[in-house]
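J.: The chain contents come next:
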Amino acid sequence: MAKKLAIIASKGTLDGAYPPFLLASTAVALGFEVKIFFTFYGLQLLNKNLNLKVSPLGNPAMPMPVPVPSIVQIIPGLEWFATWMMKRKLKQKGVASVEELRDICVETGVDLIACQMTVDLFDFDEKDFIDGISSGGAATYLEFAGDADVTLYI
Amino acid sequence: MSDFDKELDTSGLNCPLPVLKARKALSEMAVGEKLHLIATDTGANQDIPAFSKMTGNPLIETSEKEGKLHFIIEKGAE
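Taken in sequence, the protein lines are chains A and B.
Residue 1 in this note's numbering sits at position 1 of the first sequence, and the numbers go up by one each step.
Residue 15 in this note's numbering sits at position 15 of the second sequence, and the numbers go up by one each step.
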């Protein structure tokens, strides 16, 4: 029987989007059955139009070309700059885009599940989400995760 | 280098694309056919053997030439 991977994706930033889609697409290539349960800010990863950002604010480990003190990081435009820099770097290094990895997940049958409670909580409009996703709650996740070989909270 | 039936050059692409593209290429091949995978992602040295082991597609040959990694993977039985 196929191995199973159950992921909870709770982050909606550019850097937070990589681990779930990257591991899910690779796991399918290795023969796993995969489900990703998107909750809280992770729901942003299901939007048709992804507008993900990365912020150096509150993230002292983020490599910057020059040191930028926290007080300066609140300046409008710095987040835009950090995002632009990260995307450029990803492209230069031949790393797939989040969109590309998500498309592979959809094409290869990864089950993408939107957490119904947080969809309601944040008034997300399911029409904004990509096609082919399902919805569920805690029990939906746990039913699958209970039999999974690998479970991750990201 | 052994004979092969199909070549896949992933030069310049980073993890996990070489594995994902290898999987796709192998899915379009017949059992026993050999895929020649070229990669510049140094992580492929560990990832391709892991992929081969987990998917039952034997890794026949591994070599390094002019800064590129070369793998010959045989399509295993389903």
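If you are wondering where the hints come from, they were derived from the structure by calculation, not from laboratory data.
Some hints here could point you the wrong way.
[Said to hold, decoys possible] Some residues of chain A that are not near chain B, with every Cβ distance over 10 Å (derived): (1) E33; (2) F40; (3) Y41; (4) S55; (5) G94; (6) F124.
[Said to hold, decoys possible] From chain A, some residues computed to sit far from chain B (all C-beta separations above 10 Å): (7) K11; (8) T13; (9) S25; (10) T26; (11) G31; (12) K53; (13) P63; (14) V72; (15) W80; (16) F81; (17) K93; (18) V95; (19) I104; (20) E126; (21) I133; (22) E143.
[Said to hold, decoys possible] FRET-style restraints, in silico, Cβ to Cβ: (23) L59(B) with M62(A): 52 to 62 Å; (24) Y153(A) with K24(B): 44 to 54 Å; (25) V150(A) with E64(B): 25 to 35 Å.
These figures come from a predicted structure and were not determined experimentally.
Using N, Cα and C, we set each Cβ at its ideal position, and we do this for glycine too.
J.: State for each hint whether it applies.
T.: A quick look at each hint next to the structure:
1. E33: For E33(A), whose nearest Cβ neighbour in chain B is about 14 Å away, the distance exceeds 10 Å, so it holds.
2. F40: It holds; F40(A) is separated from chain B by about 25 Å at its closest Cβ, greater than 10 Å.
3. Y41: About 24 Å separates Y41(A) from the closest Cβ of chain B, which puts it past 10 Å; holds.
4. S55: Check passes; 23 Å lies beyond 10 Å.
5. G94: 4 Å, violated
6. F124: 29 Å, holds
7. K11: 19 Å, holds
8. T13: The claim holds: T13(A) sits with its nearest Cβ about 20 Å from chain B, beyond 10 Å.
9. S25: 6 Å, violated
10. T26: 4 Å, violated
11. G31: 6 Å, violated
12. K53: 21 Å, holds
13. P63: P63(A) is indeed farther than 10 Å from all Cβ atoms of chain B, at 17 Å.
14. V72: 31 Å, holds
15. W80: 24 Å, holds
16. F81: 23 Å, holds
17. K93: K93(A) not clear of chain B: closest Cβ-Cβ about 5 Å, inside 10 Å.
18. V95: 5 Å, violated
19. I104: At roughly 6 Å from the nearest Cβ of chain B, I104(A) sits no farther out than 10 Å, so the non-interface label is violated.
20. E126: Consistent with the label, E126(A) stays out of reach of chain B, its closest Cβ about 28 Å off (over 10 Å).
21. I133: I133(A) clear of chain B: closest Cβ-Cβ about 21 Å, beyond 10 Å.
22. E143: 25 Å, holds
23. L59(B) with M62(A): 52 to 62 Å: Cβ of L59(B) to Cβ of M62(A): about 37 Å, so the range 52 to 62 Å is violated.
24. Y153(A) with K24(B): 44 to 54 Å: 29 Å, violated
25. V150(A) with E64(B): 25 to 35 Å: 31 Å, holds
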